[in-house]
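Asks: Now for the letters of each chain:
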Amino acid sequence: GAGVSQSPSNKVTEKGKDVELRCDPISGHTALYWYRQSLGQGLEFLIYFQGNSAPDKSGLPSDRFSAERTGGSVSTLTIQRTQQEDSAVYLCASILQSSGANVLTFGAGSRLTVL
Amino acid sequence: DAKTTQPTSMDCAEGRAANLPCNHSTISGNEYVYWYRQIHSQGPQYIIHGLKNNETNEMASLIITEDRKSSTLILPHATLRDTAVYYCIVRVVGSGNTPLVFGKGTRLSVIA
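Residue numbers (our numbering), protein chains in the order written: chain A, 1 to 115; chain B, 1 to 112.
Mixed in with the good hints, there may be bad ones.
[Unchecked claim] Derived DSS-like pairs (lysine-lysine); straight-line CA-CA distance at most 27 Å:
| # | chain 1 | residue 1 | chain 2 | residue 2 |
| --- | --- | --- | --- | --- |
| 1 | A | Lys17 | A | Lys57 |
| 2 | B | Lys104 | A | Lys57 |
| 3 | B | Lys69 | B | Lys52 |
| 4 | B | Lys3 | A | Lys57 |
| 5 | B | Lys69 | B | Lys104 |
| 6 | A | Lys57 | A | Lys15 |
[As the list claims (entries may be wrong)] Heads up, incomplete: computed chain B residues facing chain A, CB under 10 Å, no partners named:
| # | residue |
| --- | --- |
| 7 | Ala17 |
| 8 | Tyr46 |
| 9 | Phe102 |
| 10 | Gly105 |
Simulated from the structure, these hints should not be mistaken for laboratory data.
Note that CB positions come from ideal geometry on N, CA and C, so glycine has one too.
If we strip away everything but chain A, and leave its shape as in the complex, we get (with noise of 0.2 Å):
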């Protein structure tokens, strides 16, 4: 596609719910980001997928969050057990990761609110 899609934009949840977050890449984007941003804080890495390289999920915060990309494409971050101070925008960003610039292309966000 044209840019970065993400789904849904907006999700209420009660507490102890899981919930998964999609992120659609630009069509041949190599690698994919997901951040989180809480309400007036910055950009908090979460997870990193390279190619077909192990991912780097050093930016999780706990176990209950996990992340999948299938096919090199679409990724889905899914959180288990929901808490209220996971309530955050989540957001996603492809790059073609070549010789080229680090160029991140991002979505609009996928807005979390735990109760």
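For this one, chain A is given, so just place chain B on it according to the hints.
Replies: Just chain B, lined up with the frame of chain A:
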């Protein structure tokens, strides 16, 4: 990636040039300087990048000092729509093995 230091916030009058500084004193020879910005409620947006020469595009100009230890992003005629958080990042081009990490950035407020 080298660490960057930016002021927390800045104000600029509408129509005037906005000059946003960034310190990256530990930058290495193969690291580029990148600028992104994030307008409220949107995902971050790429602005410009450079290695050692000054760069200009339709959005902004990037001035990098000769020793490369600092740079300035210039928005020549700031508008209210330029109010955003501006992030300065240094990174090796094509580096695919480490994640791109954002700092706290500079919150620019353009005032009418």
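Asks: Now tell me, hint by hint, if it's right for this structure.
Replies: So, going through the hints one by one against the coordinates:
Taken as a hint, the Lys17/A and Lys57/A pair is honoured in the structure, with Cα atoms around 22 Å apart against an allowance of 27 Å. For the given pair, Lys104/B sits about 21 Å from Lys57/A by alpha-carbon distance, which is consistent with the 27 Å threshold. Proximity of Lys69/B to Lys52/B is assessed by CA-CA distance (about 10 Å); at most 27 Å being required, the pair is judged to hold. Between Lys3/B and Lys57/A the CA atoms are separated by roughly 21 Å; this keeps the pair inside 27 Å, and the hint holds.
Restraint check for Lys69/B and Lys104/B: the C-alpha separation of about 19 Å stays at or below 27 Å, so the hint holds. Taking the CA atoms of Lys57/A and Lys15/A, the gap is near 24 Å; set against the 27 Å cutoff, the hint holds. Contact between Ala17/B and chain A, as hinted, is not supported at the beta carbon level, the nearest pair being about 24 Å apart and thus beyond 10 Å. Satisfaction of the interface hint for Tyr46/B is found here, the shortest Cβ-Cβ separation to chain A being roughly 5 Å, below the 10 Å cut-off.
Because the beta carbon of Phe102/B sits about 4 Å from the nearest beta carbon in chain A, less than 10 Å, this interface hint is met. Interface hint at Gly105/B: satisfied, since its Cβ lies 7 Å from the closest Cβ of chain A, which is below the 10 Å cut-off.
In the structure shown, a violation is registered for the earlier hint numbered 7 alone.
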